[in-house]
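Participant: Chains as they are written, first to last, in our numbering: chain D, 17 to 417; chain Y, 5 to 107.
Note that these hints are calculated values from the structure, not bench results. Owing to the predicted nature of the structure, the values given are computational and were not obtained by experimental measurement. A few of these clues could be false.
Only pairs whose alpha carbons sit at most 27 Å apart, straight line, appear in this in silico DSSO-like list of lysine-lysine [said to hold, decoys possible]:
hint : chain 1 : residue 1 : chain 2 : residue 2
1    : Y       : 65        : D       : 306
2    : Y       : 83        : D       : 93
3    : D       : 306       : Y       : 83
4    : D       : 306       : Y       : 59
5    : D       : 147       : Y       : 83
6    : D       : 38        : D       : 73
7    : D       : 316       : Y       : 65
So the derived list for chain Y, only partly shown, Cβ under 7 Å to chain D, looks like this [what the hints assert, rightly or not]:
hint : residue
8    : 34
9    : 51
10   : 75
11   : 87
12   : 88
The beta carbon of each residue, even a glycine, is placed where N, CA and C say it ideally should be.
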Amino acid sequence: MPKIWSVSELVGQIGQVLQERKDFQNCWISGELSNFKNHRASGHWYFTLKDEFSSLKGVMFKSRAERVRFVPSDGMKVIVRGNLRIYDREGTIQFYAEEMEPSGLGQLYLAFEQLKKKLAEEGLFEQERKKKIPAYPRRIGIVTSPTGAVIRDIINVMGRRHPKMPWLLAPAAVQGEAAPQEIAQAIARLNRSEAVDVIIIGRGGGSLEELWAFNTEIVARSIAASRIPIISAVGHETDVTISDYVADLRAPTPSAAAELAVPILIDLEFQIEQFRARLRSGLEAQIERKRQHLAGIANKGPLRDPFWRIDQNRQRLDTLHMRLQEGMTRFVNEKNGILKLLAAKLDLLSPLTILGRGYSLAYDEEGKLLRSAAHVELQDQIYVQLSEGRLSCKVTEKEIK
Amino acid sequence: MMAFEEGKGDFSEGLADTINMNILEGNETISLESGFERLESIVKALEQKDLPLEKALEYFKVGVALVQHCSTVLNQAEKQMQVLLEDPDGQLQYQPVSYDVKG
Chain D
17 MPKIWSVSEL VGQIGQVLQE RKDFQNCWIS GELSNFKNHR ASGHWYFTLK
67 DEFSSLKGVM FKSRAERVRF VPSDGMKVIV RGNLRIYDRE GTIQFYAEEM
117 EPSGLGQLYL AFEQLKKKLA EEGLFEQERK KKIPAYPRRI GIVTSPTGAV
167 IRDIINVMGR RHPKMPWLLA PAAVQGEAAP QEIAQAIARL NRSEAVDVII
217 IGRGGGSLEE LWAFNTEIVA RSIAASRIPI ISAVGHETDV TISDYVADLR
267 APTPSAAAEL AVPILIDLEF QIEQFRARLR SGLEAQIERK RQHLAGIANK
317 GPLRDPFWRI DQNRQRLDTL HMRLQEGMTR FVNEKNGILK LLAAKLDLLS
367 PLTILGRGYS LAYDEEGKLL RSAAHVELQD QIYVQLSEGR LSCKVTEKEI
417 K
Chain Y
5 MMAFEEGKGD FSEGLADTIN MNILEGNETI SLESGFERLE SIVKALEQKD
55 LPLEKALEYF KVGVALVQHC STVLNQAEKQ MQVLLEDPDG QLQYQPVSYD
105 VKG
């Protein structure tokens, strides 16, 4: 029993088969445009691509169509990049275009895209590879035709910015068969000479064919191999070549390249003047800093008031002196008090006071106080001290208790 | 050419580490680019750092010599227009050339 497909099933399967064919995706077709319609409301383009024997419907959506740089029309031979898909609703195979170029340029364009992709994959356009354009080149290298307008433009700009700037031209044809080889050799020659700090490669605007030398692999590789930084200035602002991608810097025009490469002489002179002035004021600032530091030290402590310490010592001495006096006075006063007290006590104990109460003292001839009758003999001379006056007596009788 | 050799070796310490004090490196002349770079670091040091006086004076001296040198480099620059060609045997050839261009 053969399988019975539903229409949508089968159309869906065809769509899948188409998508699985890698060479139907992101592929290029060349053909003639017919039935070209620019759908005004959506901005999408609808067309048929045909050749002698066959035709294929095509669509280009607005977002892609906006990038096409020419206006397509019926009968025009074009080369289109895109994907082959099925339009389910009608069961028709259509070409969904991403990019469209007029066919004459198609080959070159394709070659350009292929080389660009190849070199990009090798990393030749990477930002990290880019060499810095020196700010103060000693000499400018130029690769261009010795007879073209480019060299004159560059010389004019250099003369205006830096009339003393030396330059070295490595002449090369910039269009025609020999151009790629000559440009590559000129770049290599400048590298060998080591006489320049930056290289400008340039040519004026032209058609894609005329600019072609700058889209060749040999030129791209010679730029990549250059040890000297390269500014690429090919064509007009809108023309972008492979050289522009590989170069260390892209300038929109050769004059602009000269502006980027050549410093302005009076700016340099001004800069040197600035350095001179800054050096002087920098040194002055250093000295001023020292001066202030010194002033700071001088304003502090003993240096500011040399008598300060002496005065302070004097004050201390005065204080001690006063304390000494006070202390002495107090001492004397205290002792005086004690003395009076003792004097009063002494007075109470004085024998004279006792005698005043009617007692008397007896002494022997040698003046020793007599305490016992046993110490005297009869007929001894003794003395009796009274409160008032003194008696001289003779012992006539004695009795020991 | 200026001979400013005094600084050689004596400045291997401290702040001078970051600044190359020799204005001549061997026999090679200092380019405007590195001259400006060195001047920038010397001037910054003078402007921002508190330097010992002798060092500040040394910086100043070297700086002035560098200014002199850069100025000489600029003044000595002479417009030189040449074409670079190659002999059949691969030798490089420099030929003077003149272009009439309006300024």
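Participant: All hints are to be evaluated individually against the structure, with a verdict given for each.
Facilitator: Structure-based check of each hint:
no., hint, in the structure
1, Y/65 / D/306, "holds (18 Å)"
2, Y/83 / D/93, "violated (53 Å)"
3, D/306 / Y/83, "violated (47 Å)"
4, D/306 / Y/59, "holds (13 Å)"
5, D/147 / Y/83, "holds (26 Å)"
6, D/38 / D/73, "holds (20 Å)"
7, D/316 / Y/65, "violated (34 Å)"
8, 34, "violated (11 Å)"
9, 51, "holds (5 Å)"
10, 75, "holds (5 Å)"
11, 87, "holds (5 Å)"
12, 88, "holds (5 Å)"
Hint violations for this structure: numbers 2, 3, 7, 8, all remaining hints satisfied.
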